[in-house]
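Enquirer: Listed below, chain by chain, are the residues.
Protein chains: 2
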Amino acid sequence: MVIRPYGYAIWEGIQKYMDAKFKATGVQNAYFPQLIPYSFITKEASHVEGFAPELALVTRGGGKELEEPLVVRPTSETIVNNMLSQWIQSYRDLPMLLNQWCNVHRWEMRTRPFIRTLEFLWQEGHTAHATAEEAEERAMQMIRVYAEFAQTQAAMPVIPGRKSRVESFAGANVTYTIEAMMGDKKALQAGTSHNLGDNFAKAFDTTFLDDKGETQYVHQSSWGVSTRLIGGILMTHGDDSGLILPPRLAPIQVVVVPIWKKDEEKEAVMASVDSIISSLSNAGVRTHLDADQSKSPGWKFNQYEMKGVPIRIEVGPKDVAKGACVVARRDVPGKEGKEFGVSIEPAALETKVNDVLNDIQNSMLQKATEFRDANIVDVKTMDELKATIEAGKWARCGWEGTDEEEKAIKEETGATIRCFPFDQPAGEHTCLMSGKPAKEVCIFAKSY
Amino acid sequence: MVIRPYGYAIWEGIQKYMDAKFKATGVQNAYFPQLIPYSFITKEASHVEGFAPELALVTRGGGKELEEPLVVRPTSETIVNNMLSQWIQSYRDLPMLLNQWCNVHRWEMRTRPFIRTLEFLWQEGHTAHATAEEAEERAMQMIRVYAEFAQTQAAMPVIPGRKSRVESFAGANVTYTIEAMMGDKKALQAGTSHNLGDNFAKAFDTTFLDDKGETQYVHQSSWGVSTRLIGGILMTHGDDSGLILPPRLAPIQVVVVPIWKKDEEKEAVMASVDSIISSLSNAGVRTHLDADQSKSPGWKFNQYEMKGVPIRIEVGPKDVAKGACVVARRDVPGKEGKEFGVSIEPAALETKVNDVLNDIQNSMLQKATEFRDANIVDVKTMDELKATIEAGKWARCGWEGTDEEEKAIKEETGATIRCFPFDQPAGEHTCLMSGKPAKEVCIFAKSY
Chain A
1 MVIRPYGYAI WEGIQKYMDA KFKATGVQNA YFPQLIPYSF ITKEASHVEG
51 FAPELALVTR GGGKELEEPL VVRPTSETIV NNMLSQWIQS YRDLPMLLNQ
101 WCNVHRWEMR TRPFIRTLEF LWQEGHTAHA TAEEAEERAM QMIRVYAEFA
151 QTQAAMPVIP GRKSRVESFA GANVTYTIEA MMGDKKALQA GTSHNLGDNF
201 AKAFDTTFLD DKGETQYVHQ SSWGVSTRLI GGILMTHGDD SGLILPPRLA
251 PIQVVVVPIW KKDEEKEAVM ASVDSIISSL SNAGVRTHLD ADQSKSPGWK
301 FNQYEMKGVP IRIEVGPKDV AKGACVVARR DVPGKEGKEF GVSIEPAALE
351 TKVNDVLNDI QNSMLQKATE FRDANIVDVK TMDELKATIE AGKWARCGWE
401 GTDEEEKAIK EETGATIRCF PFDQPAGEHT CLMSGKPAKE VCIFAKSY
Chain B
1001 MVIRPYGYAI WEGIQKYMDA KFKATGVQNA YFPQLIPYSF ITKEASHVEG
1051 FAPELALVTR GGGKELEEPL VVRPTSETIV NNMLSQWIQS YRDLPMLLNQ
1101 WCNVHRWEMR TRPFIRTLEF LWQEGHTAHA TAEEAEERAM QMIRVYAEFA
1151 QTQAAMPVIP GRKSRVESFA GANVTYTIEA MMGDKKALQA GTSHNLGDNF
1201 AKAFDTTFLD DKGETQYVHQ SSWGVSTRLI GGILMTHGDD SGLILPPRLA
1251 PIQVVVVPIW KKDEEKEAVM ASVDSIISSL SNAGVRTHLD ADQSKSPGWK
1301 FNQYEMKGVP IRIEVGPKDV AKGACVVARR DVPGKEGKEF GVSIEPAALE
1351 TKVNDVLNDI QNSMLQKATE FRDANIVDVK TMDELKATIE AGKWARCGWE
1401 GTDEEEKAIK EETGATIRCF PFDQPAGEHT CLMSGKPAKE VCIFAKSY
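Protein chains in written order, with this note's numbering: chain A, 1 to 448; chain B, 1001 to 1448.
For reference, chain A alone in the conformation it holds in the complex:
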């Protein structure tokens, strides 16, 4: 997959937000080697079992066959622990809170742009702590950062929760996730955070001397989001005319399209447009001018609709005469989304545009939330679950079943347990399998 500039700019927006949030919690960026000795991967038993089928291997370097193949990083727990076991000596070295922005490879059979690609870009956080409680706290803290990003920046409502054992990360004690409903009602795992316990610490002998001078294993977390988020944003909000981008992440927030037919109109229109561009840019709005006269205004309208630009401003000779412009919203297509006679006086326009951008951001989240909530069905029996999944919806039910029962449902319906939501509905629940009381509900859905 190639990421062209417009898509990459969305990723830069994601990075900017996340990186600042990570640093605010004390995390520092670092960089670990991409090529990992094969023997590292095999040290943690469930890790190698999970990742071995999808590894890319470097077997030749500098013209020679390598003695040991090198794994092209699918994730970095092993190489990170190889270093942590050397860096960490004492409880004074803890917690160690690291993150890296990088590329990873997973040799997938079926790929889909942004959602499942052989190579993708991500960040992977790796932390080491003196106690199990701290590792758990950090894993929870980071899934909350992801959930907040999804809600406030991507306008993508997510259900944060715990993965089932079957669906957890290979090598984790527990995996937390944020699950989003796409426009086709399939679930997308949009970010995960793992409490790794001392599994990797034991495999790599990552120990420290505690304040009593006793040797202890560290407790760890790891957590990541990837360019998959871009796919999630596109598939949550898009419609038949193309993308609809949330204003906070849109590379272009406002496109300005000048319109004139006669040459003598040009000067006045462009003067008005220049004033709009400069006042919005000064106000920090990401603004783009398209004055290309080889394309018609109609062609441009379609083009920027397809690209999901939140606001289009049109300026023609009649607008100029009134000191005004037309503001059109991407999320409300057609005449209804157009506001005529909007003043181009800088302070007024700036307020207007910021209000509309905020309104678009909020109503995108609201619309996606309503859509999701309307498509989650509480089920009590296997028949209800099957019917719900067949209808393409999400099924919520009490669950105390076994791993085997969970796998059997996947086999039969194609749906998996997406998560046990942190936010559990009130009342009593009964297990879908046994009909007996269940502590928690889970959500079954088909997923990407």
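Worth double-checking, as some hints may not be accurate.
[Stated by the list, open to error] Straight-line alpha carbon distances no greater than 30 Å define the calculated DSSO-like cross-link-like pairs of lysine-lysine that follow:
#1 1295(B) - 23(A)
#2 1393(B) - 23(A)
#3 1352(B) - 212(A)
#4 307(A) - 261(A)
#5 1393(B) - 1410(B)
Just so you know, these hints were derived from the structure itself, not from any lab.
A quick note: this is a predicted structure, and the numbers were derived from the prediction, not measured.
Starting from the known structure of chain A, arrange chain B on it as the hints suggest.
Expert: Chain B only, in chain A's frame:
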């Protein structure tokens, strides 16, 4: 090579500066696949000749032997052109100005931290233009961006110039470089920019229809700097006590060390220190407090000297009594670098600290420039050249020699032509080999 947070923070400073400069010239970021089909690399004859010996190859993926090995990106001209040939149709698509921040691998025999590593981080710019002139202009523009970074941010004086044919990039018509002198007087190629002409365009059929409807090859540039710059900064400025970091790139610009012996002194000292930290931080100074009482002040002084922190502020009970602190400069060690009785009144301290940071930045550049200029010798004969190289210095001389003569000098002295400086000395030059008039002087030196 692992890059730990303190080193990575220097890289983040480099990225922040460069990325903004690139974007100001119209460049956009993108991302291309890391694994490149081997056949792509072989399409440009001199390119494959240059890179083949140092490639890492993926031969297995997802448990299967691959039909065609994949090259782990050593640089991306080939995969970029594979895409550009599909994206570029018309002169309206030009110029195309792309950059990517990524990792690359070159299977080097001898490695050295930051300077020559099997894997390194870099940015690689790739541009396509309608005319040869535009490609040349872009190649020159970017080497000037690098030179300006080196001078103004890294305090690393560089000589920008043109590489000899022998030393140019595999596949380029001409390579521009910035060459820096390290503390051991070896030369470091700190950044390069290539005019690729239409070499890759011909190999990949990257063409466009010009405004007359005729098919033309694009003309291209590519340019990059890497984590090698970190090595350059360390080796330009360091001394026997450790690093000396230029203030504009130092992850910590000011470390504050509170000093007290008796418990009753603590409160007043810490109140003073907190006031210093908050006023400097508010003023945008990257400030770090080290109040760890398990380490002595002397130990801390050594520690932050080793880490190259430009300014250390000491606050003890006597300082508190005077509403003052001690400001110590890393670049002027010992008593001479200490200023006593500096007011901690916020506005005064902020001005003081900013003045000292600027002064350190300027005097680091000046010192390095004087050191470099004192170690460049104008030579007229082979004997002088040999003596100069043996003395570890740089030799400057007129040069009209052949590629073979240049290689013979490398064989005999270990020195290579670093560049033909853009800034040529006045007067007439004679060729070192023939004694006849030479258009230009070049610089011979041993290099990393």
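Enquirer: All the hints need checking, so say for each whether the structure fits it.
Expert: Status of each hint after checking the structure:
| no. | hint | in the structure |
| --- | --- | --- |
| 1 | 1295(B) - 23(A) | 26 Å, holds |
| 2 | 1393(B) - 23(A) | 44 Å, violated |
| 3 | 1352(B) - 212(A) | 45 Å, violated |
| 4 | 307(A) - 261(A) | 26 Å, holds |
| 5 | 1393(B) - 1410(B) | 15 Å, holds |
Checked against the numbered hints given earlier, this structure breaks hints 2 and 3; the rest are met.
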